[in-house]
Each structure stands twice: as C-alpha cells, then as structure tokens.
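Take these sequences, add in the hints, and give me the full structure.
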Amino acid sequence: MSNAQPTTARGDELLIVENVRKYFPITRGIIFQKQVASVKAVDGVSFSLSSGETLGIVGESGCGKSTLARCIVRLLDTTDGRITFEGRDITKLSRPAMRPIRREMTMIFQDPYASLNPRKRVGFIIGEALEVHKLGTASEVKTRVQELLEVVGLNPEHYNRFPHEFSGGQRQRIGVARALAVNPKLIVCDEPVSALDVSVQAQILNLLKDLQDDFGLTYLFIAHDLNVVRHISDRVLVMYLGKIKEVASREILYREPKHPYTGALLSAVPIANPELGRAREPIVLEGDVPSPVNPPSGCNFHPRCPRFVEGHCDVEEPPLYPFGNDHVAACHYPLERWPMAADEMRRASKSPEQALPA
Amino acid sequence: MALLEVQDLRTSFQTEDGIVKAVDGVSFSIEKGQTLGIVGESGCGKSVTCLTIMGLNAKRNTISGGQALWKGRDLLTASPRVLRDIRGNEMSMIFQDPMTSLNPVHSIGKQLVEAVRLHRDVSTRVARSRALELLKAVGIPRAEGRIDDYPHQFSGGMRQRVMIAMALINDPDLLIADEPTTALDVTTQAQILNLMKRLQEDFGSAILIITHDLGVVAETADDVLVMYAAKVVEEANVNDLFSRPQHPYTWGLMGSLPRLETDVERLTQIPGQPPSLLRPPSGCRFHPRCPYVMSVCKTTVPELLPARHDPEHRQACHLDDETKEREAAKLLEATMAETA
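Protein chains in written order, with my numbering: chain F, 573 to 930; chain X, 100 to 439.
Bear in mind the hints are in silico, worked out from the structure with no lab data behind them.
Fair warning: this is a prediction, and the values are worked out from it, not measured in the lab.
Even glycine gets a Cβ: it sits at the ideal position worked out from N, Cα and C.
Treat the hints with care, since some could be wrong.
Simulated coverage check for chain X against chain F, where a stretch passes if three residues somewhere in it have a Cβ under 8 Å from a Cβ of chain F [to be verified]:
#1 244 to 258
#2 276 to 288
#3 306 to 313
#4 333 to 345
#5 366 to 374
Structure below.
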C-alpha cells in the first residue's frame, strides 16, 4: 500500500499514525451472526504530528475524519495499523494502561448541546477528569476548575450552574475547559465550531489560538469548513472516503493544490465578496460520495473526478506522490497550476512522473 | 406592484416567561425574478419572518401585526383556505433540514403527486409525469427508477433536491429557501446553489434566501437584509453591502469570518452573546456588544435611514457618516489585502 509510508519524518513527533485502518463489520443473522461486508471508514491513513503544531483534517461528511479522531484517542479500536504517542505504541494498550495517557490527550466534541451531561453542574463536568486521575483534593479541584473557567472566558462564579443555563458558545467554552483540565499535550478537536454562529465561532477560534500560545498545545483539528481549517492550521490533510488525498502546509495547499478533489473543494467554498465570488467559475463535482462498503476501484475519487483517465485511474491506485516541501498528493494527473477553469481542469496533460519537479 | 410587500411585520410569541418579540417591525419588498437574502445569527428572527409570511406559526400563542401583501392581498388576515391555495402553489418553501421535512412513510413520488393534485385538477398519471420532469430538472440520476423510493434511500443532497423539486412543481412566483444548504457539505452546497440559480433562470421565480453564511449571500442574492435581535439593521444591494457596509454589526460579521483569500492572525470577534428577546436591550439592541457605543445608543432606538452615499442603502446606526466610511474602508482593506 502506497498510502502506508509516513508522510514526514522529523524526529520530534508527538503523534505518529501509521497505516491505520478501521473497518466496521456488517453482519447478517441474529444468533449466528456472520460478517457479510465491512464499512471501510478509515483505510490506510498515515501522518505525523509535531509538538506545538496544528494539523487540520478536512473532508466531506462520511470521509472517515471523525472515526480517525476516535481511533487516535482510543475511543475506538483500530482494525489495523499503529498509533505511536510520545514514542510509545498505544494501539493495543489495555484500559488501565491507557489511563495515564488519557491525561496527555483529550478531546473537544462537535455538539456543545449533546456533549455535556445536562444533570451535572459545570464544576463537576470540568473537574471530573481531575478526580478520575486523582489530581488534588476537593478544594484543589475547585480552585483549578474556577481557574479554568476564567481561562476560557467564563465567570468563575458560574461553577454551580447547569449546562442549560449557558448559550451554545459558552457551552463550547465549557467543553474547552474540560479538555484543558488535565494539562494535556494533544487536544483532538472534532468539528468544535461547526454548530456555532459566526460571531461566536470567531470567539472560540481565537480562544483556541490563545490557549495554544499559552500552554504549548498541539491540535488535531477536524472540520469540514475550509475557511476555518485554513485559519487555524499549520498543515492540512485532505481525506476522501477513508484515504488521504493530499497533505501540505497551509500556505501551499491553499495556493497550489495538486489533487483535483482539493481543487474542487476550494472552488466550492462561497466567497464573502460578491465581485470576486461571481467572477470565478466553480468546479462543481457531480454526484455524491460513494459508499465506503464498496469503494470504487483504483483511485476511489475517479467516478467524480473531472480529470478521470480511463484504464489508468480506475485500475491503479495512485500513491502519495511528493511535490517538494512535504507536499504530497495521491493523483496520477495532478493539477498543473491553480486557480484553474473547469474545462481546463478536464484536460489532464501530464502524468505525475513528468509533472514532478526535477 | 411588488410581488411581496412586507410592511412593519411584527410577530411575538407568548411564553411562560413573558412575551418574546421575535420579529419587530421588519419591512421589505420582493420583485419578480429578484433574489433577496436575509442574513443574521440564530435567533435573530429571520426564519420567523418567513413562517409568518407563509402563515405557518402556531395560532395558539402567536400575535402578528403589520402587513404582508402578496400581489396586493394581505396574507396575515387571509383565511386559512386562501393561504392553502397560495402555499405550495404561488409561493413555496424549502426548509432547512431535508432529513425531517419529507414524510418518511410515503415515497417521494407520492409526496410530489400530492403537491400537484392539491392545486391542479389533473389525473394522477399527469401529476406523476410532472413529478418525473421535476426530478430530472433538479438532477436526480435515473429519476424513473427512483421516483418510488422513500426519503431514507436518498442522501442529504439528493433529499434537498427532492425538496426543491417539490417546491417548484407548481411553478411558484416566489421560492422561500430557509437555510437551504446549511446541513450540506461544501461540494453539495455548490451543486444546490448552482441548481437554484439555473432554475431561477428557467422558471423566473423570485427567491427569498435565508442564511447565516455571508458567503452564500454574496454569491446568490441581489439585495440583502441584515437582521439582529428581531430588527433589520442594514439593507442594501449586495455589492454595496460588501464594499461599503455601514453598521457595526455587519462589520463584526464580516470581520469574524475566516476567509480563504486572506490571512489574518486574529479574527475580530464580536464580544458577548446575542441578547434574549424576552428582555431586549434598550435603545439600539446591538449597543451592549458594539465597540463604538455612545450614550445616545443606550436610550434612543436608531431608525433605518438612507446612507449618505446611496439612498437605496439603509442602515440603523447613530454613528456619524465619517466614522462609518472610515471603518468600512478599514475593514475592506483588511479583508482584501491579499486578493489585490
């Protein structure tokens, strides 16, 4: 599998993900359940994350980005592959062995309405992790929680309130405080701002950036909004149907995307500027994301790809070709330049061997 | 005469905690073939405005005032029977969530046929061929084979297409789209927006599009209404709104948007939360969050007045014109920095 090689090797990695697969079985029968097929939610994903870095993961719904996040924090067990955190293989660790590591990596969830227990007070929700890890006495926990409330911009006196007394943005701040409570190194953010209004979204994004500066945090930031990912990430990884399509630094990915899928995603984003937005011709992908039960052969993007070449793309799976500066893309016919008009995109001229920089 | 003329529309809901004024004096008009966008954050009253026009609020606890003239006839005082004739026929609506707005126990064909036969005296067969025609028009592949499928057999984007087909099946003069792409992925959103644009060209309907996404508004609307806490704070042609925004709330919205075209280290955020409509702030409702707040803002409600540079551009803010011009230019410079 060409997707198997780690995309970078720098030596200061906090997290290394190698060839991770997650297949969900589809079973038939009630008593004698037999597996008839599997949903290939994540299919051979490798990347690494350095300390203090923010890696953005983008893709459409159903591309496996949330499953990947859950595999990394071990909320789900992987089917295959290896996850190394701080130099230690955590893929198969038992629950007790995993516990101390859970202090090092925490998660912020998408829906601030569903991820806070409505029957618990805010103080308990934030302090629970401290109690589980036995970090301090009751009064120390309380002081720490009030400190955290202040850090995320809430009133420490709201310690005894219930989640329903807060607005969506404030709840997400509680979620951030909870993730921060145990002083983690890595925070996995699964669509932390997609349920929020723009003005509140900006508040949370600014908060996340400030916290990163103050506490030296590393983020794995999952989102479907390319504007948000561009704003917060150092590097961006584009996923489609369980596989990596392109990885590059933020500047390069948004300036010179190589994969037609990245190009289509970029051109589909509405621009909040009527003169600019209406002047361009968006590359509209036809159809929907195929089922991950039966992914297309060869390059799994080929049925929707404007540059599809018969007999090549549907037969041979493209490896992640390097384009210099840690920029890789899995495409046989990468984009020559950007931006590109829709009809120009349809004319694939060079194969990557020719397109590669000398 | 305008197709739809809304004057001083007011809607309040009686709740256990008191009266919530969800829409407080909104006026606008839509001409044939025009696309009007309403932008604002959740709870600003943009959806309630549409529901009131369509007569879809629960009667029990709602008090409505003002006028909504549809081709000269007031919809707020119209009988349920008249409203039924208009809804889904001359005026139709696409709802936000395609997952919950189709009936799960009927095939989409049956639901489409029902929409036709409710307003046209035609046979089921004719209605069905009309349904098929629309499903093809909105780009559902193999429409013949899929017309008898149930909603759960379609993906989100496809369901939204079915909703659009249903809304357009009787050639409405006005299509109200309430956050039509919010639940969808960007690529599907681009497909749906393209489709709406194309269908508007083909059918010549007017569109009222409600969204919180400034990008969607910039790409689709001709004119835009910005709402905040149940009131209109700014109203302008789309190009003018984006090049010379006049209201601090609009500046805040534009500044808080992370953009593909430009790099900003820090987003300008609007501090605080949108106010509760049970007890809205005195004076200008934006004053507790406004960085330019003056003492007059706390006591006097600003009127929606024409801007100095263009009488068509109206805004409700006490700030002087020089400050507005200066701030708008500053904002534009910041967001356009890299595009030049």
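Q) Which numbered conditions among the earlier hints are violated in the structure presented, ordered from lowest to highest? A) none
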